[in-house]
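Trainee: Next come the chains, spelled out residue by residue.
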Amino acid sequence: AQKITQTQPGMFVQEKEAVTLDCTYDTSDPSYGLFWYKQPSSGEMIFLIYQGSYDQQNATEGRYSLNFQKARKSANLVISASQLGDSAMYFCAMREGLSNFGNEKLTFGTGTRLTIIP
Amino acid sequence: DAGVTQSPTHLIKTRGQQVTLRCSPKSGHDTVSWYQQALGQGPQFIFQYYEEEERQRGNFPDRFSGHQFPNYSSELNVNALLLGDSALYLCASSLVFGTTNTGELFFGEGSRLTVL
Numbered sequence: 001a002q003k004i005t006q007t008q009p010g011m012f013v014q015e016k017e018a019v020t021l022d023c024t025y026d027t028s029d030p031s032y033g034l035f036w037y038k039q040p041s042s043g044e045m046i047f048l049i050y051q052g053s054y055d056q057q058n059a060t061e062g063r064y065s066l067n068f069q070k071a072r073k074s075a076n077l078v079i080s081a082s083q084l085g086d087s088a089m090y091f092c093a094m095r096e097g098l099s100n101f102g103n104e105k106l107t108f109g110t111g112t113r114l115t116i117i118p
Numbered sequence: 001d002a003g004v005t006q007s008p009t010h011l012i013k014t015r016g017q018q019v020t021l022r023c024s025p026k027s028g029h030d031t032v033s034w035y036q037q038a039l040g041q042g043p044q045f046i047f048q049y050y051e052e053e054e055r056q057r058g059n060f061p062d063r064f065s066g067h068q069f070p071n072y073s074s075e076l077n078v079n080a081l082l083l084g085d086s087a088l089y090l091c092a093s094s095l096v097f098g099t100t101n102t103g104e105l106f107f108g109e110g111s112r113l114t115v116l
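Here the protein sequences come in this chain order: U and H. Each residue of the first sequence is one higher than the last, beginning at 1 in this note's numbering. Each residue of the second sequence is one higher than the last, beginning at 1 in this note's numbering.
Calculated from the structure, these hints are not laboratory results. Heads up, the beta-carbon is just placed ideally off N, CA and C, and yes, glycines get one too. Be careful, since some hints might not be right.
Just a sample of chain U residues kept apart from chain H, beta carbon distances all over 12 Å, derived [claimed, not checked]:
id	residue
1	F12
2	V13
3	G62
4	K73
5	I117
Okay, the calculated beta carbon distance ranges per label pair [as the list claims (entries may be wrong)]:
id	chain 1	residue 1	chain 2	residue 2	range
6	U	D26	H	R22	34 to 40 Å
7	U	K73	H	G28	32 to 38 Å
8	H	L11	U	K70	40 to 46 Å
9	U	N67	H	Q41	22 to 28 Å
10	H	I12	U	A18	40 to 46 Å
11	H	G84	U	T7	44 to 50 Å
12	H	L82	U	T60	40 to 46 Å
13	H	D30	U	K70	38 to 44 Å
Work the whole structure out from these sequences, hints included.
Mentor: In structure tokens, the structure reads:
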């Protein structure tokens, strides 16, 4: 079974609008972390935002926020005021277990290609 | 502050050959992980090295092996290459951390391997 599901293969958004990228996850471990990465055409994966399973508040990092709904097992990424430079692939990923030594394995979804239209 | 660097950036091999990819972690990091990203897919975890030992391994055959050196740099070796090994190979580094840290991985730009 897929542990990370991203159902939007591609999205087109007008510049300056907000966009929500969907991510659902599946785990039986009560301790986990959820990540969003951006991958431009250069190939490098750029870390955007993190949400821990025990975090009480939704994570925010500048224009990025994570809409964490634990009961629904969803962790959607919201980008406010989109910019042309936001055009890229976006991946949701999960680490099961606590963030300690020997447990850096991330499981990624298939990604969403976001295109910002001028 | 140097980020994660990988070499070579692109290479072409034929079936049955062997390949070695190299990675230098971000300054101050001591753990290296390798991921395979096939075209149109998300990265898949191959293995992780810490203190020169393989600590975790994903669902990859023994043809995939690695090494970590005392300076924390790492190599990924793939033997008996198959067409299906064509992919972007990403190296990621991190620091042994506690539960207060997000533990995000820092990735390099990858090595794109084409097997003909």
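Trainee: Now tell me if each hint is right for this structure.
Mentor: Results of checking the hints against the structure:
1. F12: At about 18 Å from chain H, F12 of chain U clears the 12 Å cut-off, so the statement holds.
2. V13: holds, 21 Å
3. G62: holds, 15 Å
4. K73: holds, 18 Å
5. I117: Holds, because the least Cβ-Cβ distance between I117 of chain U and chain H comes to about 22 Å, which exceeds 12 Å.
6. U:D26 with H:R22: 34 to 40 Å: holds, 35 Å
7. U:K73 with H:G28: 32 to 38 Å: Roughly 34 Å apart at Cβ, these two residues keep to the hinted range, so it holds.
8. H:L11 with U:K70: 40 to 46 Å: holds, 43 Å
9. U:N67 with H:Q41: 22 to 28 Å: Since N67 of chain U and Q41 of chain H have Cβ atoms about 25 Å apart, the given range 22 to 28 Å holds.
10. H:I12 with U:A18: 40 to 46 Å: Taking Cβ atoms as reference, I12 of chain H and A18 of chain U lie about 42 Å apart, which means the hint holds.
11. H:G84 with U:T7: 44 to 50 Å: violated, 26 Å
12. H:L82 with U:T60: 40 to 46 Å: The hint (40 to 46 Å, Cβ to Cβ) holds, given that L82 of chain H and T60 of chain U are roughly 44 Å apart.
13. H:D30 with U:K70: 38 to 44 Å: About 32 Å separates the Cβ atoms of D30 of chain H and K70 of chain U, which means 38 to 44 Å is violated.
When held up to the earlier numbered hints, the structure conflicts with 11, 13 and fits the remainder.
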